[in-house]
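Chains as they are written, first to last, in UniProt numbering: chain A, 1 to 492; chain R, 1 to 225.
What the hints contain is simulated information worked out from the structure, not anything from laboratory work. For glycine and all other residues, C-beta sits at the position ideal for the given N, C-alpha and C. Treat the hints loosely; a few may be bogus.
[As the list claims (entries may be wrong)] Chain A residues, not near chain R, derived (Cβ > 12 Å throughout): (1) Val204; (2) Leu328; (3) Glu347; (4) Asn486.
[Claimed, not checked] Pairs of lysine to any residue residues, derived as SDA-like cross-links and limited to a Cα-Cα distance of at most 25 Å, are as follows: (5) Lys15/A to Lys136/R; (6) Lys18/R to Thr489/A; (7) Lys73/R to Lys15/A; (8) Lys349/A to Gln137/R; (9) Lys136/R to Thr18/A; (10) Lys73/R to Leu480/A; (11) Lys362/A to Lys18/R; (12) Lys15/A to Leu142/R; (13) Lys12/A to Gln137/R; (14) Lys9/R to His224/R; (15) Lys14/A to Lys136/R; (16) Lys112/R to Ser10/A; (17) Lys182/R to Gly170/R; (18) Lys60/R to Ile479/A; (19) Lys14/A to Ala108/R; (20) Lys113/R to Gly77/R; (21) Lys17/A to Lys69/R; (22) Lys5/A to Leu122/R; (23) Lys349/A to Gly77/R; (24) Lys12/A to Leu142/R; (25) Lys60/R to Ser10/A; (26) Lys112/R to Ala7/A; (27) Lys5/A to Pro95/R.
[Said to hold, decoys possible] Covered, in the sense of this in silico footprint (three residues per stretch, anywhere, with C-beta under 8 Å from a C-beta of chain R), are these stretches of chain A: (28) 6–15; (29) 349–363; (30) 473–485.
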Amino acid sequence: MNFLKRAFWSMKAKKGKTLLQLVIFTVICVFVLSGLTIQSAAKASSELARQELGGSVTLQVDREAAMEKQQSEQSESDGPPQFTSTPISLDDAESIAALDHVKSYNYSVSASANAEDFDNIESSTSTDDSSDTESDQAPGGDQGRGGMVQADLTVNGTLTSDEAESFSDGEAEIVDGRGIEESDAGSNVAVIEQTLAEENDLEVGDTINISSASDEDTTQELEIVGIYETSSAGSDQAMNFSFLNPYNTIYVPYTAANTLKGEDYTDTVESVTYQMDDAENIDAFIAAAEKTDVDFDVYQLDANDDLYQQMVGPIENVASFAKNIVYLVTIAGAVILALIVMLSIRERKYEMGVLMAIGEKKWKLAGQFITEIVVIAIVAVGLSSIFGNPIANVLGNQLLDQQTTASAETTTTSMQQGPGGGGPMGGGGPGQAVSDAFSQPSEAISSLNINVTWENILILGGIGLAVAIIAALIPSISILRLQPKNILTKQE
Amino acid sequence: MTAPLLAFKNVGYWYTDKQNPLFQSVNIDFYKNTFYTITGTSGSGKTTFLSLAGGLDRAKEGDIEYDGKSIRKMGLGNFRHDYVSIIFQSYNLIPYMTAYQNIASAMAITSKKVENQEDYILKMLAKVGISEEQAKQRVLTLSGGQQQRVAITRAFCCDNDLIVADEPTGNLDDKTSKEIVKLFTDLAHQENKCVIMVTHDPQIAAQSDVTIQLSNGSFRMLQHV
Ligand SMILES: Nc1ncnc2c1ncn2[C@@H]1O[C@H](COP(=O)(O)OP(=O)(O)O)[C@@H](O)[C@H]1O
Ligand SMILES: [Mg+2]
Numbered sequence: 001m002n003f004l005k006r007a008f009w010s011m012k013a014k015k016g017k018t019l020l021q022l023v024i025f026t027v028i029c030v031f032v033l034s035g036l037t038i039q040s041a042a043k044a045s046s047e048l049a050r051q052e053l054g055g056s057v058t059l060q061v062d063r064e065a066a067m068e069k070q071q072s073e074q075s076e077s078d079g080p081p082q083f084t085s086t087p088i089s090l091d092d093a094e095s096i097a098a099l100d101h102v103k104s105y106n107y108s109v110s111a112s113a114n115a116e117d118f119d120n121i122e123s124s125t126s127t128d129d130s131s132d133t134e135s136d137q138a139p140g141g142d143q144g145r146g147g148m149v150q151a152d153l154t155v156n157g158t159l160t161s162d163e164a165e166s167f168s169d170g171e172a173e174i175v176d177g178r179g180i181e182e183s184d185a186g187s188n189v190a191v192i193e194q195t196l197a198e199e200n201d202l203e204v205g206d207t208i209n210i211s212s213a214s215d216e217d218t219t220q221e222l223e224i225v226g227i228y229e230t231s232s233a234g235s236d237q238a239m240n241f242s243f244l245n246p247y248n249t250i251y252v253p254y255t256a257a258n259t260l261k262g263e264d265y266t267d268t269v270e271s272v273t274y275q276m277d278d279a280e281n282i283d284a285f286i287a288a289a290e291k292t293d294v295d296f297d298v299y300q301l302d303a304n305d306d307l308y309q310q311m312v313g314p315i316e317n318v319a320s321f322a323k324n325i326v327y328l329v330t331i332a333g334a335v336i337l338a339l340i341v342m343l344s345i346r347e348r349k350y351e352m353g354v355l356m357a358i359g360e361k362k363w364k365l366a367g368q369f370i371t372e373i374v375v376i377a378i379v380a381v382g383l384s385s386i387f388g389n390p391i392a393n394v395l396g397n398q399l400l401d402q403q404t405t406a407s408a409e410t411t412t413t414s415m416q417q418g419p420g421g422g423g424p425m426g427g428g429g430p431g432q433a434v435s436d437a438f439s440q441p442s443e444a445i446s447s448l449n450i451n452v453t454w455e456n457i458l459i460l461g462g463i464g465l466a467v468a469i470i471a472a473l474i475p476s477i478s479i480l481r482l483q484p485k486n487i488l489t490k491q492e
Numbered sequence: 001m002t003a004p005l006l007a008f009k010n011v012g013y014w015y016t017d018k019q020n021p022l023f024q025s026v027n028i029d030f031y032k033n034t035f036y037t038i039t040g041t042s043g044s045g046k047t048t049f050l051s052l053a054g055g056l057d058r059a060k061e062g063d064i065e066y067d068g069k070s071i072r073k074m075g076l077g078n079f080r081h082d083y084v085s086i087i088f089q090s091y092n093l094i095p096y097m098t099a100y101q102n103i104a105s106a107m108a109i110t111s112k113k114v115e116n117q118e119d120y121i122l123k124m125l126a127k128v129g130i131s132e133e134q135a136k137q138r139v140l141t142l143s144g145g146q147q148q149r150v151a152i153t154r155a156f157c158c159d160n161d162l163i164v165a166d167e168p169t170g171n172l173d174d175k176t177s178k179e180i181v182k183l184f185t186d187l188a189h190q191e192n193k194c195v196i197m198v199t200h201d202p203q204i205a206a207q208s209d210v211t212i213q214l215s216n217g218s219f220r221m222l223q224h225v
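Isolated chain A (complex conformation) (with noise of 0.2 Å):
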């Protein structure tokens, strides 16, 4: 092992080379590191955004499709343009459930009724600046009838009603009694609102009458089972219309809510919404969801991910650019080592002659090239692991700010574009998802947990490694083709 005792003196005796190659490879493991350490920092954070935003998708009439079709038709009869739309059937539903990535879905059926034996919330009288045009935009659940219909209670029908938006959002909670749950499908049962429940003496296990609004024979006893407390201060449309008022909404299973609107409706539902194991998986899902017999042409997916993407867009262009970073710098670093090495060639040359002379072995020779470059490496890799975290949080976080600044931009401007920008939001409709977003720009992720790990340090460590074996190797192979004769007769 005397070329390990060789390696040692001549790092000894030459403090200056020694150092200034210490120096370079500390800094190349600075940036390595901190690369490294970007990456993962970065990967976490999309990763517990995605955990916690998930995604889902859901399955719709594609109206603007329906719409041109039946224009289309109707342009030949004189009557006014109808809109009917096609419900989805509850097979097609299902078969798009049955695809992988699907973590639990839920129905919507929304209806209106009248209440029959309880008094709903009265909406207070007052004048309102609201033009009546805006009463246009009538709440989802008439979209099929057409034109403007005055009820009391808006009736949404769900499969659970724990994922119906309004609860998953945490804008609604059960406070008494139970949810609508999956088993509750066919059977006549009732979540209402906490203000409704008092204002009529109403608790679980009560029943309560409606009526259809469409078709006021159609009527229905329900089962209260569960009373929820809502947040919802409402529209400004629910001063002029009762059912808009939160307090007025009740959720039931979508089988009476199909009943409600009527016999056409029996086993389909309005929109079906998809939750994701995993916001990435939503591109995969979309796709193997087209390869379905569902009818595409009528119906649409809509990816609920704008949050997911605003929040991880930067994050991921951080993670881009970190790993860039590892790259370039670990060529560039092997680079500048291995020349640095080659510099310093001529005084090798004449002591590897001199050592091949008296018989050393040439991998013994390598051995101790490649162990003076690897000691360097190691003290260079533990330097960086005590300065790396502070100099790559500065560096991620700093990188992080100006994609998040850069990000915020372009989503402004997007947003100014008006609502034709904003993209589809799912149910909420457009006007939703363009407020959202502008009140919210700041939810991108905006600082990163910068910590180096021992996993980074081993990635690290085979990096340093790597870098130095090659600038070890380089110039070893050159001095190693040369004969001892001409390197020490030339000396002369």
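Mind docking chain R with the ligands on chain A? Use the hints.
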């Protein structure tokens, strides 16, 4: 007479022009306990010849045998490692090491083991006039004569039977030269080595046992009595 230690058998050598070789059909035997000198004009091929003897280069024709075995077959690296110590005009010490480290490294490479190596090396260096303090400083800080003494001590400590030296006194003054030649003579006669030294100094040649005069590819052996 005993068998030769090193035997050139029909050895020929050329650098570029095979038709015009440096030398051809050389048959010379070298024995232990003998101090050989090689003389000749500059460019006559002394260094080339010594490189073949020391296993630094391969003969183009013929073969060289050490103790009856072809050095080509045993491998030149192994031959140098096991049997040869080489000393050049420029001392060929490793500049960043001390005298002591140079010798210790060479002993490690040639796997020569002695009890209490440090004492042994220091004692050997003291014999050629290198103090312990000098032994522990970088070799480049020593004078030329001192460096050559270190190189000779290195050869001595490695205890190889064949020692080849290319103008080892070329850079040294007369007085120092004489002392160095004395060391080589002692190596041959007291340590029973085969020493082959290239020199252009006739006085030194006269002190050796055998002088080989090299000119225009022919070798003339002169026995000194
Ligand atoms: N590497 C080489 N390539 C080609 N010719 C060489 C080489 N080395 C030496 N020579 C030539 O071979 C001849 C003998 O050189 P050398 O053995 O060094 O002589 P000496 O040591 O006696 O001065 C010279 O003419 C020299 O020019
Ligand atoms: Mg010469």
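Hint by hint, here is what the structure shows:
no. : hint                 : in the structure
1   : Val204               : holds (91 Å)
2   : Leu328               : holds (34 Å)
3   : Glu347               : violated (8 Å)
4   : Asn486               : violated (9 Å)
5   : Lys15/A to Lys136/R  : holds (18 Å)
6   : Lys18/R to Thr489/A  : holds (22 Å)
7   : Lys73/R to Lys15/A   : violated (42 Å)
8   : Lys349/A to Gln137/R : holds (23 Å)
9   : Lys136/R to Thr18/A  : holds (22 Å)
10  : Lys73/R to Leu480/A  : holds (21 Å)
11  : Lys362/A to Lys18/R  : violated (30 Å)
12  : Lys15/A to Leu142/R  : holds (21 Å)
13  : Lys12/A to Gln137/R  : holds (13 Å)
14  : Lys9/R to His224/R   : holds (24 Å)
15  : Lys14/A to Lys136/R  : holds (16 Å)
16  : Lys112/R to Ser10/A  : holds (22 Å)
17  : Lys182/R to Gly170/R : holds (15 Å)
18  : Lys60/R to Ile479/A  : holds (23 Å)
19  : Lys14/A to Ala108/R  : holds (22 Å)
20  : Lys113/R to Gly77/R  : holds (20 Å)
21  : Lys17/A to Lys69/R   : violated (45 Å)
22  : Lys5/A to Leu122/R   : holds (19 Å)
23  : Lys349/A to Gly77/R  : holds (17 Å)
24  : Lys12/A to Leu142/R  : holds (19 Å)
25  : Lys60/R to Ser10/A   : violated (37 Å)
26  : Lys112/R to Ala7/A   : holds (20 Å)
27  : Lys5/A to Pro95/R    : holds (15 Å)
28  : 6–15                 : holds (count 5)
29  : 349–363              : holds (count 12)
30  : 473–485              : holds (count 3)
The structure fails hints 3, 4, 7, 11, 21, 25 (numbered hints given earlier, in ascending order).
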